[in-house]
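**Student:** The whole structure should be built from the sequences, with the hints applied where relevant.
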Amino acid sequence: MVTPWSPHNDGIIQDLPLIGPNVRMNHPLWPVVREAARRMVRIENLEIWAEQQFSADIYELSNKISDHLPQRTTFPQHVTCNQNTIRVFDKSGDTNTLIIEIGNNEPDIKVCWVQMTGDIGFAAVMESCLQLLNAGYPGCIGCDDSIQEGRWDERKFRNSVRQITD
11 MVTPWSPHND
21 GIIQDLPLIG
31 PNVRMNHPLW
41 PVVREAARRM
51 VRIENLEIWA
61 EQQFSADIYE
71 LSNKISDHLP
81 QRTTFPQHVT
91 CNQNTIRVFD
101 KSGDTNTLII
111 EIGNNEPDIK
121 VCWVQMTGDI
131 GFAAVMESCL
141 QLLNAGYPGC
151 IGCDDSIQEG
161 RWDERKFRNS
171 VRQITD
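If you read the sequence shown in the working numbering, its first letter stands for residue 11, the second for the next number, and so on.
One or more hints might be untrue.
[To be verified] Keeping only pairs whose Cα atoms sit at most 25 Å apart, straight-line, the calculated DMTMM-like set for lysine to aspartate or glutamate is:
(1) 120 x 61
(2) 101 x 61
(3) 74 x 54
(4) 120 x 77
(5) 101 x 163
(6) 101 x 118
(7) 120 x 104
(8) 74 x 129
(9) 166 x 118
(10) 101 x 57
(11) 74 x 61
(12) 74 x 57
(13) 166 x 100
(14) 120 x 164
(15) 120 x 163
(16) 101 x 137
[Unchecked claim] Restraint-style ranges between C-beta atoms, simulated for each label pair:
(17) 173 x 91: 32 to 40 Å
(18) 77 x 169: 20 to 28 Å
(19) 172 x 105: 27 to 35 Å
(20) 172 x 81: 34 to 42 Å
(21) 116 x 52: 19 to 27 Å
(22) 146 x 69: 17 to 25 Å
(23) 149 x 73: 14 to 22 Å
(24) 73 x 173: 33 to 41 Å
(25) 87 x 173: 20 to 28 Å
(26) 116 x 80: 34 to 42 Å
In case anyone wonders, no lab produced these hints; they're calculated from the structure.
Since we're looking at a predicted model, the values are computed, not measured.
From the three backbone atoms N, C-alpha and C, an ideal C-beta is built for every residue, glycine too.
**Tutor:** The structure is reproduced here in structure tokens:
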């Protein structure tokens, strides 16, 4: 797993200021953290399966989404579980579809995989969610599958991370 963490305090919005380690734009996992955050802010009817310790953060995210997107009527729900990974499900259809996994066990290629420990990865994704909301996402230019960014390609991203770590 790639974990080149470096502390900083330069106030750049693209940085993810965390308690403890920091994820910066030049970190190899930055794109997947941002993609996970985009999905969590954009997609309604989410269930976040995580340990109890993450309950307050999930509640805060729901409140921030409510504040920034008043037209929304559904918000992320916390399902308490005792796992080392954090799983985010889209429950808008008849079945729950796993769309994000934060942890060290590689999920199916259709899942946005944040390959970090649960606590560090979840903190990074939550901070990125808050930054996107504060920037006006999903209404901000260039935030949602824009021409510059293109569509997310999980297979291509995982292959690029493997090349860095091999």
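**Student:** So, for every hint listed, does it hold in this structure?
**Tutor:** The hints, checked one at a time:
no., hint, in the structure
1, 120 x 61, "holds (23 Å)"
2, 101 x 61, "holds (19 Å)"
3, 74 x 54, "holds (14 Å)"
4, 120 x 77, "violated (31 Å)"
5, 101 x 163, "holds (22 Å)"
6, 101 x 118, "holds (18 Å)"
7, 120 x 104, "holds (18 Å)"
8, 74 x 129, "holds (20 Å)"
9, 166 x 118, "holds (14 Å)"
10, 101 x 57, "holds (7 Å)"
11, 74 x 61, "holds (21 Å)"
12, 74 x 57, "holds (16 Å)"
13, 166 x 100, "holds (23 Å)"
14, 120 x 164, "holds (7 Å)"
15, 120 x 163, "holds (9 Å)"
16, 101 x 137, "holds (23 Å)"
17, 173 x 91: 32 to 40 Å, "holds (33 Å)"
18, 77 x 169: 20 to 28 Å, "violated (38 Å)"
19, 172 x 105: 27 to 35 Å, "holds (30 Å)"
20, 172 x 81: 34 to 42 Å, "holds (40 Å)"
21, 116 x 52: 19 to 27 Å, "holds (24 Å)"
22, 146 x 69: 17 to 25 Å, "holds (22 Å)"
23, 149 x 73: 14 to 22 Å, "holds (19 Å)"
24, 73 x 173: 33 to 41 Å, "holds (40 Å)"
25, 87 x 173: 20 to 28 Å, "violated (37 Å)"
26, 116 x 80: 34 to 42 Å, "holds (38 Å)"
Checked against the numbered hints given earlier, this structure breaks hints 4, 18, 25; the rest are met.
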